[in-house]
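Asker: Just so you know, the protein sequences line up as chains A and B, in that order. FYI, the numbering for the first sequence is 1 to 313, going by this note's numbering. FYI, the numbering for the second sequence is 1 to 313, going by this note's numbering.
Worth flagging that the hints you see were computed from the coordinates, not collected in a lab. Be a bit skeptical, because a hint or two may be false.
Identical chains share a label here; the pair holds if one copy fits it or two copies do between them.
In silico SDA-like pairs for lysine to any residue, Cα to Cα no more than 25 Å straight-line [claimed, not checked]:
no., residue 1, residue 2
1, Lys-177, Arg-167
2, Lys-177, Ser-297
3, Lys-177, Asp-270
4, Lys-98, Gln-267
5, Lys-116, Asn-296
6, Lys-116, Arg-197
7, Lys-298, Ser-118
8, Lys-98, Arg-167
9, Lys-103, Gly-19
10, Lys-204, Met-1
11, Lys-204, Leu-277
12, Lys-204, Glu-168
13, Lys-298, Leu-207
14, Lys-130, Ala-291
15, Lys-204, Gly-54
Number of protein chains: 2
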Amino acid sequence: MRKHWWVNHKMTHAQEIAGGYMWSPKRESDGKRSQYYENMRRARPGDTVVSYAGGAIRAMGTVLDAAIDAAKPEEFGSSGLSWQDQGWLVAVAWNPIKPIRPKDFLQSVAPLLPAKYSPLQAATGDGNQKAYLSEISEELFELLASRAGATGPTFSEVAQIKGTDFREVLEDAEEQKIQSDLTLSDTERAQLAMARRGQGTFRKNLLTVESCCRLTNISNSSLLVASHIKPWRSCLTAQERLDGHNGLLLAPQVDFLFDRGLIGFDQRGDLLMSSVLTSEDFQALGLVRPARHIFNSKQLAYLAYHQQNVFQD
Amino acid sequence: MRKHWWVNHKMTHAQEIAGGYMWSPKRESDGKRSQYYENMRRARPGDTVVSYAGGAIRAMGTVLDAAIDAAKPEEFGSSGLSWQDQGWLVAVAWNPIKPIRPKDFLQSVAPLLPAKYSPLQAATGDGNQKAYLSEISEELFELLASRAGATGPTFSEVAQIKGTDFREVLEDAEEQKIQSDLTLSDTERAQLAMARRGQGTFRKNLLTVESCCRLTNISNSSLLVASHIKPWRSCLTAQERLDGHNGLLLAPQVDFLFDRGLIGFDQRGDLLMSSVLTSEDFQALGLVRPARHIFNSKQLAYLAYHQQNVFQD
């Protein structure tokens with residue numbers, strides 16, 4: 001079921017539209033939960049978004065990928081100073097439109113605004129100060145789309161064509177940091193870069209902890225991918241990136257699902273399956289739900305990170 | 001069954017040892033087949049190699065990966081002028097050793113040299129001018145290893161730890177060329193870079209030709225990888241890189257096997273399975289041999305390239 005979203009960009013509108021994404025912190029600056037930020041995790045490929053900034057809707061888009069764990073974009077500069085550095089990034093294919101001002105037809109818009117977590121104040125038509133990403137109804141989306149005369153590519157078409165892979169962008173940036181970090185030796189830099197690909201020291205360390213794929217039981221290591229549990233791009237230290245406990249040896253399709261958060265493991269060792277993944281597709285990938293697994297305490301700590309930050313509920 | 005190899009590097013010894021590889025052209029400069037070059041395609045991960053240059057064995061190593069299709073390394077400079085540009089690259093984990101000169105114990109070496117395609121002339125102990133990669137017997141290898149007092153990491157251990165991924169290195173180099181090619185527009189450069197990841201225009205073009213995975217029948221495109229048939233790194237033109245006929249939509253584990261040449265398709269549309277891939281592993285990956293497939297003539301041309309240059313017989 002396709003959902004519709006409304007994003008209030010504020011000062012970082014230009015960066016987000018040009019960059020092809022939305023970004024929010026994970027929590028308010030005082031550490032409180034925010035439904036507007038939690039909504040980032042609810043957006044799914046194929047969902048539609050209207051982009052609001054400076055009193056007008058200026059672009060419409062299609063969500064390309066589920067939210068990924070991403071530090072605050074550097075291009076926000078001082079505009080993002082008050083935000084926490086840890087956040088969610090959602091890739092969006094944006095189409096700029098001729099700006100439309102909801103205030104100009106507030107009588108039509110106001111009754112369709114959601115009662116809770118509304119992007120606009122129904123009475124005045126002004127943006128809601130706290131809002132970032134709000135879910136809106138099909139009716140409101142259709143009203144805005146017809147006003148905008150939005151044509152562009154059909155949404156289902158766009159959603160199949162992956163744009164920028166932000167995982168890759170984030171990892172490239174992280175790798176550049178490593179390569180220019182003079183406190184690291186050449187060997188350490190090489191180890192960390194190889195760990196990104198599941199190679200070298202990380203793979204060697206992982207082989208001392210894991211010996212076969214947790215879902216397919218394949219033990220031929222030339223068919224197995226050394227997959228980080230806490231993603232390489234999200235690790236804070238070299239130690240985490242090379243830690244053999246921060247990995248699983250997975251068959252390629254299992255690595256694919258785990259990396260995208262379509263599967264995970266809970267703290268009892270049971271497989272978690274995302275609502276996004278159908279059991280038909282899971283079976284067609286040649287997989288069956290495994291018995292409860294035993295993980296050591298270090299693995300469980302990394303798996304908790306994965307469940308909270310990568311797994312798509 | 002682990003095989004043993006002897007490589008006569010000649011002028012490019014230093015580059016190959018430092019770079020962690022062996023490289024040969026595919027054919028003699030006059031276009032003739034050479035068994036020494038064909039042997040590159042027969043080397044398998046875990047095989048051992050002795051490296052001979054300047055009259056001595058100066059390194060021993062373990063093959064890390066099957067041969068990949070690779071242009072002549074730039075670092076060969078003028079040393080490689082007489083060689084064809086198209087060749088095979090085999091990744092090797094080299095361990096330098098204290099040089100040992102086979103001439104010094106030729107009475108022991110000569111009887112163990114292969115009758116055909118020998119690396120040395122049995123009578124004189126001089127290198128064979130035409131030789132590059134020769135298969136040698138277990139006995140000869142053991143003789144040389146004991147002379148060298150080779151210890152180093154155990155070979156099976158090394159073979160599990162992938163070193164440099166030369167596919168990645170070759171693709172990075174290719175991408176740099178594209179990014180600095182001023183005859184291309186910004187859009188073309190972006191399209192070609194995205195095609196490397198199976199994204200953007202290439203994926204869009206592919207979706208007009210293929211609709212589901214040829215082995216698993218999965219049609220949910222968010223689970224499918226847009227895989228080039230003729231590898232992105234081996235394409236000669238932008239047109240080939242973006243051609244929807246030069247691709248298959250494959251489930252992640254099928255993409256993994258196809259990309260490494262562990263499966264392929266022959267010109268009748270039947271699945272080819274490499275001798276390297278056991279049927280147990282194929283099944284454990286959730287795969288069954290599909291019925292004969294129909295491919296169009298453009299796909300068949302690319303599949304022929306794959307069979308000859310990527311597939312591991």
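Asker: State for each hint whether it applies.
Answerer: These are the hints, each one checked on the structure:
1. For the homomeric pair Lys-177 and Arg-167, the shortest alpha-carbon distances inside one copy (16 Å) and between copies (23 Å) are both at most 25 Å.
2. For a Cα distance limit of 25 Å, the shortest separation of Lys-177 from Ser-297 qualifies neither inside one copy, at 30 Å, nor across copies, at 47 Å.
3. Neither within a single protomer nor between protomers do Lys-177 and Asp-270 lie at most 25 Å apart by alpha-carbon distance, with minima of 36 Å and 47 Å respectively.
4. When the C-alpha separation of Lys-98 and Gln-267 is checked against a cutoff of 25 Å, the pair qualifies neither within a copy, at 50 Å, nor between copies, at 52 Å.
5. For a Cα distance limit of 25 Å, the shortest separation of Lys-116 from Asn-296 qualifies neither inside one copy, at 42 Å, nor across copies, at 55 Å.
6. Taking the closest pair of Cα atoms, Lys-116 and Arg-197 never come within 25 Å of each other, the shortest separation being 44 Å inside a single copy and 40 Å across copies.
7. Proximity of Lys-298 and Ser-118 under a CA criterion of 25 Å is satisfied in neither setting, with 41 Å inside one chain copy and 53 Å between copies.
8. In this assembly of identical chains, Lys-98 and Arg-167 lie within 25 Å of each other by CA distance neither inside one copy nor across copies; the values are 31 Å within and 45 Å between.
9. In this assembly of identical chains, the alpha carbons of Lys-103 and Gly-19 never lie at most 25 Å apart, being 28 Å within a copy and 65 Å across copies at closest.
10. Taking the shortest alpha-carbon separations for Lys-204 and Met-1, only the inter-copy value of 23 Å comes in at or below 25 Å, while the best intra-copy value is 43 Å.
11. For the identical chains of this complex, Lys-204 and Leu-277 are inter-copy neighbours only, at 23 Å across copies versus 31 Å inside a copy, given an alpha-carbon limit of 25 Å.
12. For the identical chains of this complex, Lys-204 and Glu-168 are neighbours both inside a copy (23 Å) and across copies (20 Å), given an alpha-carbon limit of 25 Å.
13. Taking identical chains as interchangeable, the C-alpha atoms of Lys-298 and Leu-207 lie at most 25 Å apart only when both belong to the same chain, with a minimum of 15 Å there against 42 Å between chains.
14. For the identical chains of this complex, Lys-130 and Ala-291 are neighbours neither inside a copy (44 Å) nor across copies (57 Å), given an alpha-carbon limit of 25 Å.
15. For the identical chains of this complex, Lys-204 and Gly-54 are neighbours neither inside a copy (53 Å) nor across copies (34 Å), given an alpha-carbon limit of 25 Å.
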